[in-house]
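On the provided structure of chain S, position chain Y as indicated by the hints.
2 protein chains.
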Amino acid sequence: MKQAIVARVDIGMGTGKLAAQVAHASLSAYEDTGERARREWKGGGQKKVVLKGDGESQLFELADVADREGLPYAVVRDAGHTQLDPGTVTALAVGPGPDNVVDKVTGDLSLL
Amino acid sequence: MKQAIVARVDIGMGTGKLAAQVAHASLSAYEDTGERARREWKGGGQKKVVLKGDGESQLFELADVADREGLPYAVVRDAGHTQLDPGTVTALAVGPGPDNVVDKVTGDLSLL
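Protein chains in written order, with this note's numbering: chain S, 1 to 112; chain Y, 1 to 112.
This is chain S alone, in the form it adopts within the complex (with noise of 0.2 Å):
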């Protein structure tokens, strides 16, 4: 089991602001999971992956695909109090799932 976790890259987000979006996408997705798949990710130590991400249409493509999967995913919009234009689309969950399904989603991309 594990959780990838999609950050765009091509907006200069500093370091601090891209880990709180990806914990933000991470807890979203997390909390759209069964009980089942919850306990079983959490019980092998939360695997999680963070991916490079490079625009916003392709978070919302792989995003559709993850739907198809029927894996639990999030979309993070930011607020924009900072760094960002209000509603700027900055990170995408997918999973937790089997490392083969989140694979299907999200296994061309690069480790950040």
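There's no promise every hint is true.
Using 25 Å as the maximum straight-line C-alpha spacing, the simulated SDA-like pairs for lysine to any residue come out as follows [said to hold, decoys possible]: (1) S:Lys42 - Y:Gly34; (2) Y:Lys52 - Y:Arg77; (3) S:Lys42 - Y:Asp99; (4) Y:Lys47 - Y:Gln83; (5) S:Lys47 - Y:Lys47; (6) S:Lys52 - Y:Ala79; (7) Y:Lys52 - S:Gln83; (8) S:Lys42 - Y:Lys104; (9) S:Lys47 - Y:Asp99; (10) Y:Lys52 - S:Thr82; (11) Y:Lys47 - Y:Ala63; (12) Y:Lys52 - S:Gly12; (13) Y:Lys104 - Y:Gln46; (14) Y:Lys42 - S:Glu31.
To be clear, the hints were calculated from the coordinates, so they are not data collected in a lab. What you are looking at is a predicted structure, and each value in this text was computed from that prediction instead of being measured.
Here is chain Y on its own, set in the frame of chain S:
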């Protein structure tokens, strides 16, 4: 309501690694948070700040303060599969809790 996550910047984590540790800490502290505080925090957009930490002993001292203030918190140790030695303390999440109480714990730290 906010959650503060302190990430160590003294151990050379890459951006993706750091973000994963921050997300891990955030979720773990959230899981120890009461239902009412969870709802209030999420209703306000699950505000998070990511702060600079500079050592394991600092994170444990802040965790003690959080404990005395009655806040949920979580210290994360890395499994050590990549980049770090197994068991390395990487991040501390404090809250969600009222802004002024969280600031009693982490108010002196700088934004990452």
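Here's how the hints hold up against the structure:
A distance of roughly 19 Å separates the Cα atoms of lysine 42 (chain S) and glycine 34 (chain Y); the hinted pair therefore holds under the 25 Å criterion. Using a Cα cut-off of 25 Å, the hinted pair lysine 52 (chain Y) and arginine 77 (chain Y) holds, with the two alpha carbons roughly 17 Å apart. Between the alpha carbons of lysine 42 (chain S) and aspartate 99 (chain Y) the distance comes to roughly 28 Å, so the proposed pair goes past 25 Å and is violated. Taking the CA atoms of lysine 47 (chain Y) and glutamine 83 (chain Y), the gap is near 29 Å; set against the 25 Å cutoff, the hint is violated.
A C-alpha spacing of about 23 Å is found between lysine 47 (chain S) and lysine 47 (chain Y), which places the hinted pair at or below 25 Å, so the restraint holds. Between lysine 52 (chain S) and alanine 79 (chain Y), the direct Cα distance comes to roughly 22 Å. Compliance with the 25 Å bound is thereby established for this hinted pair. Note on lysine 52 (chain Y) and glutamine 83 (chain S): the hinted pairing holds, with a Cα-Cα distance of about 18 Å set against a maximum of 25 Å. Proposed proximity of lysine 42 (chain S) and lysine 104 (chain Y) is contradicted: the alpha carbons are some 30 Å apart, above 25 Å.
Under the criterion of a C-alpha separation no larger than 25 Å, the hint pairing lysine 47 (chain S) with aspartate 99 (chain Y) is inconsistent with the structure, at around 30 Å. The straight-line distance between the Cα atoms of lysine 52 (chain Y) and threonine 82 (chain S) is roughly 18 Å, inside the 25 Å bound, and the hint therefore holds. This hinted pair checks out: lysine 47 (chain Y) and alanine 63 (chain Y) have alpha carbons roughly 20 Å apart, not beyond 25 Å. Restraint check for lysine 52 (chain Y) and glycine 12 (chain S): satisfied, since their Cα atoms lie roughly 19 Å apart, inside the 25 Å limit.
With a C-alpha separation of about 19 Å, the suggested pairing of lysine 104 (chain Y) with glutamine 46 (chain Y) holds against the 25 Å cut-off. Between lysine 42 (chain Y) and glutamate 31 (chain S) the CA atoms are separated by roughly 11 Å; this keeps the pair inside 25 Å, and the hint holds.
The structure does not agree with the numbered hints 3, 4, 8 and 9 stated previously, though it agrees with the rest.
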